[in-house]
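Required output: the full structure, derived from the provided sequences and hints.
Residues in the sequence shown are numbered from 2 upward in steps of one, following the numbering used here.
It is worth saying that the hints were derived from the structure and are not from the lab. Some hints here could point you the wrong way.
As the list claims (entries may be wrong) - What follows is a set of in silico ranges between Cβ atoms, one per label pair, in the way DEER data are often shown:
#1 ASP103 with ARG167: 37 to 43 Å
#2 THR308 with SER102: 19 to 25 Å
#3 ASN295 with THR141: 51 to 57 Å
#4 GLY55 with PRO118: 41 to 47 Å
#5 ALA366 with SER265: 40 to 46 Å
#6 HIS185 with GLY320: 43 to 49 Å
#7 PRO118 with PRO325: 54 to 60 Å
#8 GLY354 with PRO213: 34 to 40 Å
In this text, all values refer to a predicted model and were calculated from it rather than measured experimentally. Using N, Cα and C, we set each Cβ at its ideal position, and we do this for glycine too.
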Amino acid sequence: MRLDADLTAQRYRVDGLKFHSRVEFGSNANWKVNAGEYGRFAAAVAKRYSGTFGDLPAVRYFSLWNEPNHSQFLKPTSSSPHLYRNMVNQALPAVRANGRSDVRIFVGELAPVGRAPRVIGPKAFLRRWLCLSSRLTRTTRYSGCRGFRQIKADGFAHHPYGPTSRVPRTLDVINLLAIRTLGHYLDRARAARRFSRRLSIYNTEFGLQSNPPDRLVSTSLSRQAALINEKEEYSFRYGRLKSYSQYLMFDDPPRPGPLSVKWSGFQTGIRFTNGKKKPSYTAFQFPLVVKQRNRDVLIWGRVRPGTGQRFAQLQVKGGGNSGPRIKTNSNGYFTVKRKKSARYRFRAYDSSGKLLGTSRTAKPARLP
Numbered sequence: 002m003r004l005d006a007d008l009t010a011q012r013y014r015v016d017g018l019k020f021h022s023r024v025e026f027g028s029n030a031n032w033k034v035n036a037g038e039y040g041r042f043a044a045a046v047a048k049r050y051s052g053t054f055g056d057l058p059a060v061r062y063f064s065l066w067n068e069p070n071h072s073q074f075l076k077p078t079s080s081s082p083h084l085y086r087n088m089v090n091q092a093l094p095a096v097r098a099n100g101r102s103d104v105r106i107f108v109g110e111l112a113p114v115g116r117a118p119r120v121i122g123p124k125a126f127l128r129r130w131l132c133l134s135s136r137l138t139r140t141t142r143y144s145g146c147r148g149f150r151q152i153k154a155d156g157f158a159h160h161p162y163g164p165t166s167r168v169p170r171t172l173d174v175i176n177l178l179a180i181r182t183l184g185h186y187l188d189r190a191r192a193a194r195r196f197s198r199r200l201s202i203y204n205t206e207f208g209l210q211s212n213p214p215d216r217l218v219s220t221s222l223s224r225q226a227a228l229i230n231e232k233e234e235y236s237f238r239y240g241r242l243k244s245y246s247q248y249l250m251f252d253d254p255p256r257p258g259p260l261s262v263k264w265s266g267f268q269t270g271i272r273f274t275n276g277k278k279k280p281s282y283t284a285f286q287f288p289l290v291v292k293q294r295n296r297d298v299l300i301w302g303r304v305r306p307g308t309g310q311r312f313a314q315l316q317v318k319g320g321g322n323s324g325p326r327i328k329t330n331s332n333g334y335f336t337v338k339r340k341k342s343a344r345y346r347f348r349a350y351d352s353s354g355k356l357l358g359t360s361r362t363a364k365p366a367r368l369p
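Structure, rendered in structure tokens:
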């Protein structure tokens, strides 16, 4: 559950699901948020969803605020690192004391791309929030850094949107391909005693916009489908990254006005606004990546939904089945090698052997 007050929508996360209620605020919303009041709010929510309040569900995961480095969610920007530091100091122990006994609390939820003056870049925000120098050592140069209170969080949440290819080191961007940079910052912060433990990273918001419907982006429907699979496979190979998020299910509807306004929402859905499925819907349900590695072809995929071991039957385009059914791991993932360079797809089966569907067809590619 994300504990924040979004300017345009309040977003709550319960075991990986987001629920939205539309709320409009004025330009001074989220201005100098009172840390004490936020702590009391966090305590009340944690208690309400501790599993002991009537028949309400117990919530195990809480995340503190949303994109505190973005002026839409915490302002003024010049004070947001200091404000967020105080908010975490108040809310984290409040949730710990009032939530269920095994509650897990994440901090961060950062926007991934610095855009002055509206967004502080994630690396700059981390340094100022955690009172770190440019060399990532302890400093007291920023407001409120004397007597820094160590953060006893359970994980670090991030929104790794951004360029789908590598970005110049001169830019303050932490997208999915730069996610290891975030790991480096967290390790240096721990060495500076800013965190009490080594933090895993959680992707809690990610998606790629498609054309159609958004005429202002270049990503076609088929390219969107391929990219969300490539990014999930990349995430899978970084063991510190513990989750992969798809935001949204449905595209935001177009807004009245010129093109720049019409498509100013999120067209990252795997369904169009009217509910029709995009190719990315099947791609998300049955991710598939085929990599050319020297003379071998490495094939990675996943079967959703379900729990425990599932099965996949590889097929070569125009050539039928390729070998026996593959057993997935307990999370539904599988990786196999083949000698034949070809276009592949797979048929997905649940733990009982029931057919769930067929993946997209993927061609071999050389990926990072």
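Here's how the hints hold up against the structure:
With their beta carbons about 38 Å apart, ASP103 and ARG167 fall inside the hinted range of 37 to 43 Å. Here the CB-CB span from THR308 to SER102 is close to 24 Å, well matched to the stated 19 to 25 Å. Distance hint check: the CB atoms of ASN295 and THR141 are about 52 Å apart, consistent with the given range 51 to 57 Å. For the hinted restraint 41 to 47 Å between GLY55 and PRO118, the CB-CB distance of approximately 45 Å keeps it satisfied.
Evaluation of the 40 to 46 Å hint for ALA366 and SER265 yields a failure: the beta carbon distance comes to about 32 Å. One distance hint, 43 to 49 Å for the beta-carbon pair HIS185 and GLY320, holds here, with the actual separation near 44 Å. For the pair PRO118 and PRO325, the beta carbons lie near 58 Å from each other, so the given range of 54 to 60 Å is met. Our hint of 34 to 40 Å for GLY354 and PRO213 holds, since their Cβ atoms are close to 37 Å apart.
Comparing the model with each numbered hint stated earlier shows that hint 5 is the single one that does not hold.
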